[in-house]
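Sequence lines, in order, name chains A and B.
Going by our numbering, the first sequence opens with residue 1, and the numbers climb by one from there.
Going by our numbering, the second sequence opens with residue 996, and the numbers climb by one from there.
No lab work stands behind these hints: they were computed from the structure.
Model, not experiment: these values are computed from the prediction.
From the three backbone atoms N, C-alpha and C, an ideal C-beta is built for every residue, glycine too.
There's no promise every hint is true.
Unchecked claim - Calculated pairs, DMTMM-like style, for lysine to aspartate or glutamate (alpha carbon to alpha carbon, straight line, at most 20 Å):
#1 B:Lys1271 / A:Asp666
#2 B:Lys1429 / A:Asp298
#3 A:Lys866 / A:Glu796
#4 A:Lys831 / B:Asp1101
#5 B:Lys1271 / A:Asp670
#6 B:Lys1429 / A:Glu909
#7 A:Lys387 / A:Glu464
#8 B:Lys1433 / A:Glu909
#9 B:Lys1271 / A:Asp572
#10 A:Lys833 / B:Asp1102
#11 B:Lys1451 / A:Glu784
#12 A:Lys833 / B:Asp1101
#13 B:Lys1429 / A:Glu912
Claimed, not checked - Here are the in silico distance ranges between beta carbons for each label pair:
#14 B:Thr1336 / A:Pro304: 48 to 54 Å
#15 B:Asp1091 / A:Asn560: 33 to 39 Å
#16 B:Glu1194 / A:Asn684: 31 to 37 Å
#17 B:Asp1091 / A:Asp666: 40 to 46 Å
These are the residues of each chain, in order.
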Amino acid sequence: MKNNYRRSYVLALTSALFFTYNSPILSQNLPLKTISGTITDADGPLGGVNVLVKNTARGSISDLEGRYSLTAAANDTVVFTYLGYKPQVVAVGNGSILNVTMQLDATSLDQVVINAGYYTTTDNKRTGSIGRVSAAEIDKQPINNPLEALQGRVTGVDVVQNSGTPGGGFKVRIRGQNSLMAGNEPLYIIDGVPYDTQTLGSPNTSGGILPFADVSPLNAINPETIESIEILKDADATAIYGSRGANGVVLITTKKGREGKTKISVSSSTGIAHINRKAKLLNTEQYLEMRREAFANDGITEYPAWAYDVNGTWNMDRDTDWQKELIGGTANTRKLLAQVSGGSSHTQFLLSGQYQEETTVFPGDYNYDRISVNTNVNHQSRNGKFKVVFTGGYALEKNYLPNRDFSSDALQLAPNTPALYDEEGNLNWENSTFTNPLAAADSKYKQNSNNLISNTVTSYSFLENFEVKINVGYGLSYLKGVTTTPHTIFDPAYGLDSSSSMLTTSEGRRTYWISEPQISWKKTGNMSEWDILLGTTFQENNTEQGSIIGIGFPTNHFINNMSAASTLLILDENKTNYKYHSIFARINYAYIDRFFLNATGRRDGSSRFGPDNKYGNFGALGAAWIFTQGNDFPLINFGKLRGSYGIAGNDQIGDYQYLQTYSIQDYPYDGNIGLVPARLYNPNFKWEKIIKRELAVEMGFLRNKISFSAAYYNNRSSNQLVSYALPGTTGFPSIQSNLDALVENSGFEFELNGVIGRGSNFSWNSSFNLSLPRNKLLAFPGLENSTYANRYVIGEPLNIVKLYELQGVNPETGIFEFTDFNGDGVISSDKDKQYIADLSPKFFGGISNTINYKAWSLNFLFQFAKKKGYNQYRFTTPPGTLSNQNISVLDRWQQPGDQAAMQRFTTGENYEAYLAYSQFTQSNGVISDASFLRLRSLELAYKLTINKETGASCRIFLQGLNLLTFSSFEGGDPEQLKGFIPPLRRITLGTQINL
Amino acid sequence: MKTTFTHINKNLFYLFICSLFFMGCEDFLEVNDPFGQINTPEVFEDEATATAAVTSLYAKLRDEVLLTGTTQGLTALMGIYSDELDFYGLGAEPMDSFYQHYIFSDDPIVEGIWNGSYSLIYMGNAILESLDKSDKIGPDIKKQLRGETLFIRALTYSYLVNLFGDIPYATTTDFGLNSMLSRMPASEVYENIIMDLQEAKGLLGANYISSERTRANQMVVASLLARVYIFTEQWDLAALEATTIINNTSVFNLEVDVANEFLKESTSAILQFKPKSEGENTQEASLFLFESGPPPLVALNPQLYEGMEPNDGRKEHWIGVVTDGSETWYFPNKYKIEANTGTSIEYSVVLRLSEQFLIRAEARAKLGNLSGALDDLNVIRNRAGLMDSEATTESGILDAISTERYHELFSEFGHRWFDIKRLGLANDILAPIKPGWKPTDLLLPIPENELLMNPKLEPQNPGY
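With the hints as constraints, model all of the structure from the sequences given.
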């Protein structure tokens, strides 16, 4: 009750701000007129120049012939800006034509406005580390999720797609893994509103098809509506996000309307997608040879009844490529996007809608589709003092999938496994001799989700230098998953009927609001510039999740009707309430455009901590020095040194962990509900803290034809929030607490951009980025006597695995041998797994090129990574058992004296060989180089001008994703090592019409 | 005028800005109570919730650990570990390690048994501690709940000590203490079990608390006590406890027809598990029943069937036969109903009268009362439609009792394994049929993670 009251109070104050101050804002102004002109540089017309009427939101961009037009009043000033050129400031005056010649700038590296969250900055003034991907890059890729746009483009950002199945999730790490066990997810902010990217999916319904049941809520954001994605990395940039900034911040800004004539843009594309690389598996002949040899090796002369593949039960002439059969299909993709934007000098709008559809590579008719709508309205009073910006997005997604990813089946089914269907088209069980994988696909997963995100920013300037601003956001995410599991997924030998059929539904709903009143003060003097910001945040998230299972239906026709189920069980039901309150501030000082100082701080309170530990303080100091300002250097036209130091935090541990409670569990007994202790009690845990340090240099050479930046960072996170593992005798696997462990992430990041050529109708820009991350566990008290002794080693990265060390196949016995580290004559898992393999990337990056020639443009990105990963043997049973194998097993031991990579084949009857193989799958024998160079994206486009007068044009494009992969990795795709569908190769053809 | 207005407005405005920064933040961060959770002291201020905490112990045994009829329970696991059941699942399945005796110290099933059991013990200890503190629950209910909790703690420890030998014995909820326990010698664990059971017997009433036999009372405790006395070879005490149950004929009578033994209303039952919801039957039925071969998961060892006498009624009523013309398979058919029947028909029987007859027969034989032993043995044989046993010597009678236990108690919570283990028969019986059998297999390994986190548990059981 009290809380509700508090919330209304905040909202009431918020609205009060809007309505109190809309009266005095109107002041007189001169009438607006249309201004047009041509922009040139020394080489001729210059396209892409930003034209903005100062102190307004009215602006335009020059076309390829350098022409622009906008509306302005006679007393307005127009600012022309373009990357690498000096900004031109021109007063409008009485004329209506303004032709401008741009001058190359020796000092300014970049005038692109960079969103830093609570404030904006520019590339040359920034003191923090901020990566940026713009619409120009995003729109050139046939992607479904905004996170895909970051792959290979931003230094320090490692993005891994969990599964190629549409609707799945991603793993994103910005500058490495900081936390041992609490969340390592960055904070996502969409148009000023923090966006919770925890999945609302439930393992009860989607666990079979989507890895970790992870349905990325970011799927609801259509990448084509994004103007830019900024990645905040160092302390200077992230400390203003306080406790939530430890793992970096991803700011997504959607496209906004601009002043000018109403523009209509319609684009449509269609394409195909399929898996990238197949594993090379044994064919039937090779497979049967392996099986027969295994039986012979094990001294078995008469094939047992269950050896269906070799004893004649199955047809030994069948030879099926199960990868082709089960995951080798072609997925079709279709996209349609329409956008209308424009507006007057005081009010601008944008409206866009998109429809997208994608099928899967699995056999059967499955598809994912998304409809999304985005709106943006900006308004400002005539005197420019009062501004309001509204953005809203709504998306509907539907996903229909089989409740099983067939990737593992495709690798394991024997090539002479019987057909999936019998002659009548029914599922074939071949008299219970095999588990038909397609039976599992009788179980279907359907998902519906809705997503609303909205934000209003209202601001008012007063007393010359002051501005008050309030940002109010509201969002809602809803997801419903339904899985039907008819009894037909089971072997008919069980004699089951529809009374065993099941229907599982899960629902997740999250609502959240945020309110952030802020006040800022700016003062520009002759030599110095001050910018001070003070603000506060109120935020609340409510999440409800639950799943229900219905068992037993009169017939499978009613399997979608929960009311027809004979038994209903509630599998889980949960509600959480999270609140967050803080005060933040920023003081920025600039001295003659040469020295910059940026101090940020935040005091945070979070409901996730016990009464005595709710608050924490965070802050950072950043500084920059442009050493070329006021000094002349040969070749170097721009040079900046910058550095930062600060503290951010992490509270990603889930809610209510500090309470001592009993929770309801599914243990009904004798008319009583189930009640069990929820956790071991510890009310004393606190924030996890991270200290971030960075030093960087940014340079421009040859009039900015070449620009270069290098950064070194060192982040140390301490006071680790862990669920500390305890022996089972305590009754629980772990307890939530702080551990005095120290994790260090350090590394170098390099970026190099160059203009390779620029002519009147030709340009070639190239950029290269490289990240060299290093992760290290510096301290972990009590490590040797914890369950983590097998997982972590002091001085090594967190992402290591400890394994047996393979010594090879003993030429006499034909069995794998391993190093007996402790020399006790036995290979035991706790003492002899001493080989350390580091699975984190050693380096990664990308090379992108944009080439324009007349109306043609070509854009491509190569992505690369140097890393190790689990190879084709990791999830296998011994070669010789009833399971197909990679072709590499053929290099095996056959008789004494053989030197071979693979041990003797066994059916599993040879205990020693069986044991050795199971140890092999936990040895360095299953680690291979998984480095790759990938043609990540490519776009070839042709722009056709329809009407020179109106600027109407048509763009035809061919886009590809994951087109080529160069890798020595033998286990399939080097980016998917866990047995799910890898990221797909996509090719799309589309057109875009701009009117 | 306008100036004044603006002036006032401005003041209001500054006030507003200031208020934003100084408003009470502590209050804002108060969140709703967590959904579906109750503060621990409140649980034990109310009879209904305190009872629910106790009945959850039964439910956990039924659904998750030790006595569950799923693949995680001892019925399945110790069945395939000994000569009761054959495993037909795929070689890669974790259960195969139990069937083949290829168990390592990191075996996930062993870890599951260990962690699940200690979780149950924690739940029990938490109840005992909170009941002590509670002043809102009446003394009678308190006695009942304490008695039941002690019974379940003793039951859990009796299985743990039998599976793992010397074990850590936790009696509190203090995780600092519990994470550093040493192993207590098995004999001492048994003393503690007996102490708990004796206290429980004193606390609980003679009658069931409801019309069904689904919660512990004095008789239930006595029958477990009789079993524990057999394990500790206290024959006279075993006979004494068994007698109190056998003589309680107003409540317990052997079902005349073996077919009725496992029905909900069975008068042979001493303790049954109530199914999760009305209409459900037993998990054992889902585990064992199949209609065509080869068996999907487990089947009865054919030698068990073949070793039974031709006119043994238990063959017809408790064993199912499936054949595909050339091959024949058998499955335990004690529980016959898999489907939901609206009203439950069969309950899983945890303790039953037959065992008490066989306990007393064994105790009497050991005490030299051979005729008494034969009387008890023949009660079971006759009920199955068999003639009196022809055994005459002590060892002959003991052998006959052991065989009878095999034929009577098969596929129930690993009775067979615990029998051949305590009678020293395991090596002779299993060595010929289990390729991986080692004499050290009498005990399961202490899970590797436990040893790692609590070095006081060293040394590992021999052979691992």
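Comparing the hints with the structure gives:
A C-alpha spacing of about 9 Å is found between Lys1271 (chain B) and Asp666 (chain A), which places the hinted pair at or below 20 Å, so the restraint holds. For the given pair, Lys1429 (chain B) sits about 17 Å from Asp298 (chain A) by alpha-carbon distance, which is consistent with the 20 Å threshold. Restraint check for Lys866 (chain A) and Glu796 (chain A): the C-alpha separation of about 17 Å stays at or below 20 Å, so the hint holds. For the hint pairing Lys831 (chain A) with Asp1101 (chain B), the CA-to-CA distance comes to about 12 Å; that is within 20 Å, so the pair holds.
At most 20 Å may separate the alpha-carbon atoms for a hinted pair to count; Lys1271 (chain B) and Asp670 (chain A) meet this at roughly 8 Å. Only pairs whose Cα atoms come within 20 Å are accepted, and Lys1429 (chain B) paired with Glu909 (chain A) is accepted, the gap being roughly 12 Å. Restraint check: the Cα-Cα separation between Lys387 (chain A) and Glu464 (chain A) comes to about 15 Å, which is no more than 20 Å; the hinted pair holds. Between Lys1433 (chain B) and Glu909 (chain A), the direct Cα distance comes to roughly 17 Å. Compliance with the 20 Å bound is thereby established for this hinted pair.
Using a Cα cut-off of 20 Å, the hinted pair Lys1271 (chain B) and Asp572 (chain A) holds, with the two alpha carbons roughly 15 Å apart. Note on Lys833 (chain A) and Asp1102 (chain B): the hinted pairing holds, with a Cα-Cα distance of about 16 Å set against a maximum of 20 Å. Simply put, Lys1451 (chain B) and Glu784 (chain A) have alpha-carbon atoms about 14 Å apart, close enough for the 20 Å limit, and the pair holds. Pair hint Lys833 (chain A) plus Asp1101 (chain B) holds up; C-alpha atoms about 13 Å apart against a cutoff of 20 Å.
Simply put, Lys1429 (chain B) and Glu912 (chain A) have alpha-carbon atoms about 15 Å apart, close enough for the 20 Å limit, and the pair holds. The beta-carbon spacing between Thr1336 (chain B) and Pro304 (chain A), approximately 39 Å, falls outside the hinted interval of 48 to 54 Å. In this structure the supplied range 33 to 39 Å holds for Asp1091 (chain B) paired with Asn560 (chain A), their Cβ-Cβ distance being about 37 Å. Between Glu1194 (chain B) and Asn684 (chain A) the beta carbon distance is about 36 Å. The supplied range of 31 to 37 Å therefore holds.
Against the hinted window of 40 to 46 Å, the Cβ-Cβ separation of Asp1091 (chain B) and Asp666 (chain A) comes to about 29 Å, which falls outside the hint.
The structure fails to meet hints 14 and 17 from the earlier list, while all remaining hints are met.
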